[in-house]
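> Model the full structure from these sequences, guided by the hints.
Order-wise, the sequence lines are chains A and B. Take the first sequence: its position 33, counted from the start at 1, is 33 in this note's numbering, and no numbers get skipped. Take the second sequence: its position 241, counted from the start at 1, is 241 in this note's numbering, and no numbers get skipped.
Hints may contain errors.
What the hints assert, rightly or not - When the alpha-carbon atoms are kept at most 27 Å apart in a straight line, the in silico BS3-like pairs for lysine-lysine are as follows:
1. B:K589 / B:K530
2. B:K522 / A:K72
3. B:K521 / B:K614
4. B:K522 / A:K97
5. B:K521 / A:K97
6. A:K117 / B:K522
7. B:K577 / A:K97
8. A:K117 / B:K521
9. B:K448 / A:K117
Read the hints as simulated data drawn from the structure, not as lab findings. Keep in mind it's a predicted model, so treat the numbers as computed, not measured.
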Amino acid sequence: MSPRQKRLAMVAGLITALTVALALVLNAFQSNLVFFFTPSQVANGEAPQGKSFRIGGLVVPGSLQRETDGLKLQFAVTDQAKTVQVHFQGILPDLFKEGAGVVAQGMMQADGRFMAKEVLAKHDENYMPPEAAEALKKAGHPVGAPQQFQKAPTKP
Amino acid sequence: MTAELGHLALALAMLCGICLAVFPSLGVWRRDARLMAMATPAAYWQLLLVLLAFVCLIENFINHDFSIQLVASHSNRDLPFWYRVAASWGSHEGSMLLWILMLAAWTAALAALSGHLPQAMRARVLAVLGAVSIGFYLFALLTSNPFERVVPAPINGRDLNPLLQDPGMVFHPPLLYMGYVGFSVAFAFAIAGLIEGRFDSAWARWVRPWTNVAWGFLSLGICLGSFWAYYELGWGGWWFWDPVENASFMPWLTGTALIHSLAVTEKRGNFRSWTVLLAILSFSLSLLGTFLVRSGVLTSVHAFATDPTRGVFILMFLCIVIGGSLSLYAARAHSVQASQAYSLLSRESILLANNILMVVAMFAVLLGTLYPLILDSLDMGKISVGPPYFDAVFVPLMLPALFLMAVGPLSRWRDTPVLPLAQRMRWAFAASLVIALLLPLTADSDYKPMTALGLLMAFWVAGGVAMAAFENMKTPSGAVDLSRLALQPGSWWGMQLAHLGVAAFVLGVTLVNSYEIEIEKKLSPGDVLKIEEGLSLRYAETTARQGPNYEAIQVRFELIRDQKVVGELRPEKRRYKASNMVMTEAGIKRSVLGDLYISLGEAVDGGWVTRIQKKPAVNWIWIGVVMIGFGGFWAAADARYRRRRVNSLRASPSDASSKIGKVSG
Chain A
1 MSPRQKRLAM VAGLITALTV ALALVLNAFQ SNLVFFFTPS QVANGEAPQG
51 KSFRIGGLVV PGSLQRETDG LKLQFAVTDQ AKTVQVHFQG ILPDLFKEGA
101 GVVAQGMMQA DGRFMAKEVL AKHDENYMPP EAAEALKKAG HPVGAPQQFQ
151 KAPTKP
Chain B
1 MTAELGHLAL ALAMLCGICL AVFPSLGVWR RDARLMAMAT PAAYWQLLLV
51 LLAFVCLIEN FINHDFSIQL VASHSNRDLP FWYRVAASWG SHEGSMLLWI
101 LMLAAWTAAL AALSGHLPQA MRARVLAVLG AVSIGFYLFA LLTSNPFERV
151 VPAPINGRDL NPLLQDPGMV FHPPLLYMGY VGFSVAFAFA IAGLIEGRFD
201 SAWARWVRPW TNVAWGFLSL GICLGSFWAY YELGWGGWWF WDPVENASFM
251 PWLTGTALIH SLAVTEKRGN FRSWTVLLAI LSFSLSLLGT FLVRSGVLTS
301 VHAFATDPTR GVFILMFLCI VIGGSLSLYA ARAHSVQASQ AYSLLSRESI
351 LLANNILMVV AMFAVLLGTL YPLILDSLDM GKISVGPPYF DAVFVPLMLP
401 ALFLMAVGPL SRWRDTPVLP LAQRMRWAFA ASLVIALLLP LTADSDYKPM
451 TALGLLMAFW VAGGVAMAAF ENMKTPSGAV DLSRLALQPG SWWGMQLAHL
501 GVAAFVLGVT LVNSYEIEIE KKLSPGDVLK IEEGLSLRYA ETTARQGPNY
551 EAIQVRFELI RDQKVVGELR PEKRRYKASN MVMTEAGIKR SVLGDLYISL
601 GEAVDGGWVT RIQKKPAVNW IWIGVVMIGF GGFWAAADAR YRRRRVNSLR
651 ASPSDASSKI GKVSG
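Pasting the structure below:
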């Protein structure tokens, strides 16, 4: 091959490789996006069936129930307008608390129950998961602005 | 008083930073050696003053000065000594000061160790570092003053987030920042090179050790962060593709590409544009990481919008750095061009392919990290991109990279004929293939093709290292002489160590992903749980324990192998008094073969809901990354970087490559 052909082959190879890589990335991206829905949207049937999504809001006080094995449990998530029952099997995060914000990821079952594969509550007790805060705001019950860092004592 | 002293020292340090940026540049412009020489004292004084400011901040934490807002909100009277020290960088303001300290330290180190550089180049590099530091001083002094007072001072502080009360907090941020900030040196060299129009192999030889060291620190910092998350979060995972993790991983990916691209620039004079762009990109990603982690944009785009001063500042800084350096590149690109021909299969083309894979991987991470933020800020709905995306993208991108990794060091510059190369590597390939196919058969669980593929890659990379070592041991007469390895330069050893580290890492990841066992069960005192054949766990007792600033319930589990107690695990549930936060402390029994990992869930009538995980070979993940990091240091310690005077005529690319050609055989 002449140097010119070699360079052409090189460039063609590069472009092909990049295209393949890009297609791979975008395809994986497309199929792994997880959308967020508020309890009101779920109650209105806007959430997809058979596809994983996230739901967020406040845990309804007194709604946490465990079965005797301690692992299977359920609780209700509300945006103060509508409530969705969440079923989960496993260990809840340390910061899970009734009355506090929570985000759960999972799938809607045919009978209208939400089966969570993952329950998230973040590192800080003052911290409200952004999705949960959003859900409350949309339903017209906003909570204080979420803070990542603990607020310092206020100055006069 | 110390707080005011620290504040003053920080302001004076900024003055030094301005001097560092201005006088050496003036000196270059007016060809005044005295002005250029001012860079050295400015860099030293800057470090001294920043160090003073930092010591002041630590002093405030150690002595509980709750009239400092930062101390009041991140410390507490009961907080143990070393966590009070670490708390000084456990907050936004403190970590910015740490960043500045690291930058000052790198700058001073460069000033001290760059005597062999041409005077103008040295002055320019230090001036760029000074200019970068001004941005950070302004940021700290204008938007995040760590020494701000509170009136009236509270009696006690709010405590450090319990999650951060761990030895990991003492070491992880300084290491990580050493890496982040270290890329500023490569950046400064790139800018200085663009201004001067100089990118010969001498230039590459100046930058390489600095970049290798920064990259080594970043590797170790990420490693420690992963190790810390593993034992502290109680999930037993070692990487979560969390935006904060991604923020540190992206500069690592481009940094990896950069150190390889620099090798080509030094040895062959090629890839100059790549090198410059990667240096700019790595530092920009370090800044982007700071922006993501520090602006609050990850917590909530809307919270960021209501208090945008910090975020907007970093964003502007980012735009100036990226925009400015790219414009400079565009203007000076003609000075960068220089290329020597290389064939389709050569060490150059293999390194190029690996570089492209690293950069594509970085963009994939960037997309997954930023897209949800962009969508949210445009009010187009909330989405999240989880680990499945990153896994789906990463594995196929890294497979060819791993394959080429073993081939690269064995191939020749300029042109490598395929057949001899394949012949040299056939035994390494056959051996790794046999191990990969047979090893999974010895396990109890089902045969998974992905396990075999992972093992193949791990042993293939290790085989490449073994081949390189073997070929260098052979004497011309064909005998094998181990002592010949001692002739290899530090950069060779560093590369082989790092590549072997990658093999160890891949091995660890493959084994833990393939063979981990997870059991979630309620256990009560006296219960015995069978984990696998011949291995079980007995719930021995529950005890209460008082920590320095927390109270804990500890469960003691006995590990029983063939009716004999072989060890015990003590997971805890802690309640930190000051913040009233509950934390799970996992009980881990470590060994080279793998960990047993227990974390407590909730207490349910007399027992505990417990998660028990067996994690085979998990420690090889971190052992591997530590090898990678030290490989970077070893390569940087290569004797050829320490030669004091570099004759720029002698160091022309072709000359260097012929010299190296002999070394790498």
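> Each hint should be assessed against the structure and marked as holding or not.
Consistency of the hints with the structure:
1. B:K589 / B:K530: 16 Å, holds
2. B:K522 / A:K72: 11 Å, holds
3. B:K521 / B:K614: OK: K521 of chain B and K614 of chain B at ~14 Å, within 27 Å.
4. B:K522 / A:K97: 20 Å, holds
5. B:K521 / A:K97: 21 Å, holds
6. A:K117 / B:K522: 19 Å, holds
7. B:K577 / A:K97: 18 Å, holds
8. A:K117 / B:K521: Distance of about 17 Å is within 27 Å: holds.
9. B:K448 / A:K117: Holds, at about 24 Å.
Checked against the numbered hints given earlier, the structure satisfies every one of them.
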